[in-house]
Each structure stands twice: as C-alpha cells, then as structure tokens.
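Enquirer: Chain by chain, the residues:
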Amino acid sequence: MTAALQTIALGKHFGALHVTRQVNLSLAAGARHALIGPNGAGKTTLINLITGALSPDEGQVLLGGRDVTALPQARRVKQGLARTYQINQLFSDLSVLENVAISIAERVGAAGNFWRRASANSHVIDEAVELLARLKLDAYALTPVRELPYGRQRLVEIAITLGQKPTVLLLDEPAAGVPSAESHIILDAIAALPEQIAVLIIEHDMDIVFRFAKFITVLASGGIIAQGTPEQIAGDAHVRAVYLGQGGDV
Amino acid sequence: MTELLDNGGGSAAARRFMAGREAWHWAEALPWVVAVAAFFVFPDYLALGTQILIAIIFALSLDLILGYAGIITLGHAAYFGAGAYGTGMLSAHLGWGEPISAMLFGGFVGGVLGFVSGWVLLRYHGLTLLMLTLATAIMLKEGANAAEEWTGGFDGLVGISIWPLLGSFEYDLWGKTYYCFALVVLLLCFLAARRIVHSAFGRSLVGIKGNVGRMHGVGTPVHGRLVAVYTLSAAMAGLAGGLFAESNAYVTLDVLSFARSGTVLIMLVLGGTGRLYGAFVGAAVYMILEDELAKLSPEFWEFGIGLLLVIVVLFFRRGLLGSLDDLRARSMGGGA
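These protein sequences, in sequence, are chains P and L.
First residue of the first sequence: 5, per my numbering; consecutive thereafter.
First residue of the second sequence: 5, per my numbering; consecutive thereafter.
None of these hints come from the bench; they were simulated from the model.
Just so you know, even glycine gets a beta-carbon here, dropped at the ideal spot from N, CA and C.
Please note that a few of the clues may not be correct.
Stretch by stretch, here's where chain P covers chain L in the computed footprint (C-beta under 8 Å, at least three residues) [stated by the list, open to error]:
# : segment
1 : 41–51
2 : 194–208
3 : 297–303
Label-pair ranges, simulated between beta-carbon atoms [what the hints assert, rightly or not]:
# : chain 1 : residue 1 : chain 2 : residue 2 : range
4 : P       : His127    : L       : Gly157    : 53 to 59 Å
5 : L       : Ala23     : P       : Gly227    : 51 to 57 Å
6 : P       : Ala143    : L       : His29     : 25 to 31 Å
7 : L       : Val188    : P       : Pro183    : 53 to 59 Å
Input sequences plus hints: build the corresponding full structure.
Expert: Right under this line is the structure:
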C-alpha cells in the first residue's frame, strides 16, 4: 500500500547549520504518528518542509505516492495535506463560523466567486456548522475568535484544517499554551479525529504523545535517532539519555 | 448570541448570522439622499459635485484593494489615467463619442492594464510593492508624455467630443447631465463593490489581509486572488477616469500624476479604509475642503489639507467613519 505521506532522505541547511538530515518518514492512511525531540531538534522545520513553507535542499516529499516536492504550499493543501500551527494562525476579528467557512469555501471552490453572496453558500455554512458541532464548538460559532478562551482557540485551529478534509494532518503542538484544566478538550478532539486521516503530531506533552500515538519518531539535531512503538521508545536507553533525561519515567 | 443548539436550528442561526453581515443598514441611505438633495439645493455647484462623485468612484476602487485585500499602492492613478486616455482617445482619434460605451471602454483599458501590471506587481509586497506601483505610474506617465502623437503629450489631449447622453441629454454648462450620469455610475460601482466584498471571494481577501500564511495553509491561490481583485479595482478606476475625460472633454498628463495617486490615498485614509463608505466621506470632505480653502487662500490651501490629515492619522486612526463607529460603540457600551 502506498503511504499517505512519505519523506525520502529529506535535508535542509540554514547556512552552516544542518537543521534536517536524511529524514525518512512514512505514514500510512489512518496512522497516529508522533514526532518528538528536544527543543531545536528541527521538528518545526521538518513540518515546514513537508507542507512546502520551506523547500528542501535534498530529498523528496510524497503525498499518496505522488512527488509534491516542487509544489507550493497551497497546491499541496489541495492534494490533502493540512496542518495546524504551534502559534494560533486565526482570523481573530471574524467569528468562529467564518474562520471555518473561509477554509471550507476554499476547498469546495466557492471562494473564487466574487459575485455570489457568502451567505448564499448554504452548503458551506451547513458543513461549517456540522464540523463545529463535531468539535463541540457550536456554542461559540457566532463569537469572534479573539473572545474565546485559549483552549477553544486551539480547537478552532484544528477545525480550520478539518475544513480541508485532509488525508494527512500535521498537528504542530496542538496543546501548546493550553492550561491543563482545558487540555482535555484538545485530547478529546484529537481522539475523535476521523479514523482514515493519517495524523502526524508534534508534542512536548508526553501524556498526550503516549495516549495518542501508535508509533513514535524521535528527532535530535535534525536527524532521526529512534523510531518505534511507544513501548519501544519508552524503553530505548539512547532516547532516554538524549531526550527524556535520567528522571524521565514514562 | 450563542444559541446554536440542535442541528437544524444551528444551521438556520448560522445562515441568519451570515446574512446579517451583508444586511442593509438604514444609514446607508444617507449618502444617496445627500447626493440627490445636493442636486436641487446647490445647482451652482454641480460641476464640483460631479468631480466629487468621480473621486468617490476612484477612492472606492482603491478601497477594494487597500481596505479589503491590504494591497498598498502609490500608483493607482495609472488605471484612472489609462481609463481617461482610453475614453478620450476613442473620441479624439476614432470619433466615437457615445458616453456610456466610451466610459466602459475606459474601464476596459484600466482593467486590462490592471491585470497585466498586477500579475507582475503582486508577486511582491511591502515596500517593494509600494515602490513598484509608484514606478509603474511614473513610467506610464512618461510613456504618455512621449507618445505625443496619440496623447497630445504635455499639451494635453484635445478634440474630445462627447455625444449627448442616451441621445438626448446634452452636456450643459452647469453640469446637470454629468452629475446625474456620475451618480448612476457611482451607484452601480458601489453595488458591485458591496457585492464583491460580501462574497466568499471578498472574505478570502480579508483572510489574505489578516493572515496570508494561513490562507496559503488552506489552499488559497493567493496570487491569483490578488490579481483578480486588482483587475476589478483597476477597471473601476478606469471607469472613473473615463467619466473624468468625458465630463471635462480634456485630458492632461495630470490624470497619471503621482499627486493623483497620493490624493486618492489621502481621501480614503481620511474617510476610513475597508468600509466602502469611507471613500464617500473622504472624497467629499477632501474636495469640499479643497474648494473652500482655495477660496480662502489660493496659495496655502494644501496646508489646511495637510493639517487635517495629520489630525486624522494622529487622533482618528481609523478615519472619520471608523472614529464615528468607535464613538458609537463607546456610547452604547456606556449606556448598557
């Protein structure tokens, strides 16, 4: 079976700094894959290479078996690759509903039409409402995003990407900055993601990683130092030394 | 506000909310009432009134790109001027003076130029874009200066002869005909602009202005979207230019000047960007003030305009209309 997402010997330099080296990743449809590593390991750079925000110096990115290395970001999105951002990238003056509607309108091709009223795109609005209900955001649908508690804003991040109906979803620290009292909201949303989506999650919170991931890749200094099931990673002495630290009891 | 409960009700509330975003407000009748009233109250000022209406159309076209898509330009006169010369040359060289089609031709010329230049310009942003728009207008002006045979060069394009509007309304010295014509054109342009900004396309522009990175992230063809709105805006500026050429029966290089690009920007900032009606208020205030101050002191009127602009950008950041909104919001907040 072709992988939903695959990187082949991906590499990137920033000047003399080798931020990504020989990264080979493969996610099947429905994968629940975590990418972990200490600060500065190159996790966000890797995400940017996969999405096309950066172009690699070496290697390839394949989506569903097709080479997308040369495609700009927006075109990769059209091919099913969506991401959330570590720092919220929302339209904060607009309502939650409109944030999601912008994304859906883009996917269904309604956003190119400058003559049709946005309110007349009832299929877009209905889909947005349904998506918000699924993420338990419906009570906030008409509220401007900036008035939402932070945890719910993180959920809007996820909602916007789900509006793209992705086949591959990259979650860049979805729980970053969320107070622990609210973090269950994010966990529930991640647990409820459609099964067939291949999900790659970057996360520092080991609770989330070990609850969510079926497979873990550990990145350090831009390269992969270990890959395996959560049990294998938790038992890996090298990983413990580099990343989890001596006190890391996972 | 947050009564999105069961599924059916949720969709209905959401649709009502979206429809509410584009619902007409009673205050939107005001500028049109004023414009019609002015026709009867100030019959001696209709020539100035016509020029104000043309300036509003021009400022409205700028609002589409600046206020909604966040494209900053110092060269919008390029499209106004292209429209003016397009309409003028159609009459002066080809003898076609039917006002409506000649004006539409001006819009077409502006739009084509907008599409071609926008395709290149909009690959850049920030200061680079600003300088490139400026350079585009300067080059166009110098081009018009050099093509003397066609444009009349420095002496201006003469020999424009416009036929009666709809075959029966002659050009008159008091400017009645052109005031009405310009008002109708403004209304149509406004309705089109309003429609555009409330479409899903318009929402995506707001998204690009607000967070272009995220728009790439939801698959928006950002460049294409910007070129589209730039073309629409340039076509509208071309219409304004065409009207200008017809109402004056004379076109000079001044239509392409940096001063005109700057003035339309000042008008829009004065009135408030990203709200359509900012163009109305800004252009009207600017031109009436210019007229009054010029009577008061023919040499120093620009000083008054400059002072007003300083006051507006320092104390009323969101323009006259934006500040009015803030004031209303505050008084309502205080009353609650």
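Enquirer: Now look at each hint and say whether the structure bears it out.
Expert: Against the structure, the hints come out as follows:
1. 41–51: violated (count 0)
2. 194–208: holds (count 9)
3. 297–303: violated (count 0)
4. P:His127 to L:Gly157: 53 to 59 Å: Holds - the Cβ-Cβ distance for P:His127 and L:Gly157, about 56 Å, lies within 53 to 59 Å.
5. L:Ala23 to P:Gly227: 51 to 57 Å: For L:Ala23 and P:Gly227 the Cβ distance comes to about 54 Å; the hint holds.
6. P:Ala143 to L:His29: 25 to 31 Å: Since P:Ala143 and L:His29 have Cβ atoms about 28 Å apart, the given range 25 to 31 Å holds.
7. L:Val188 to P:Pro183: 53 to 59 Å: 58 Å, holds
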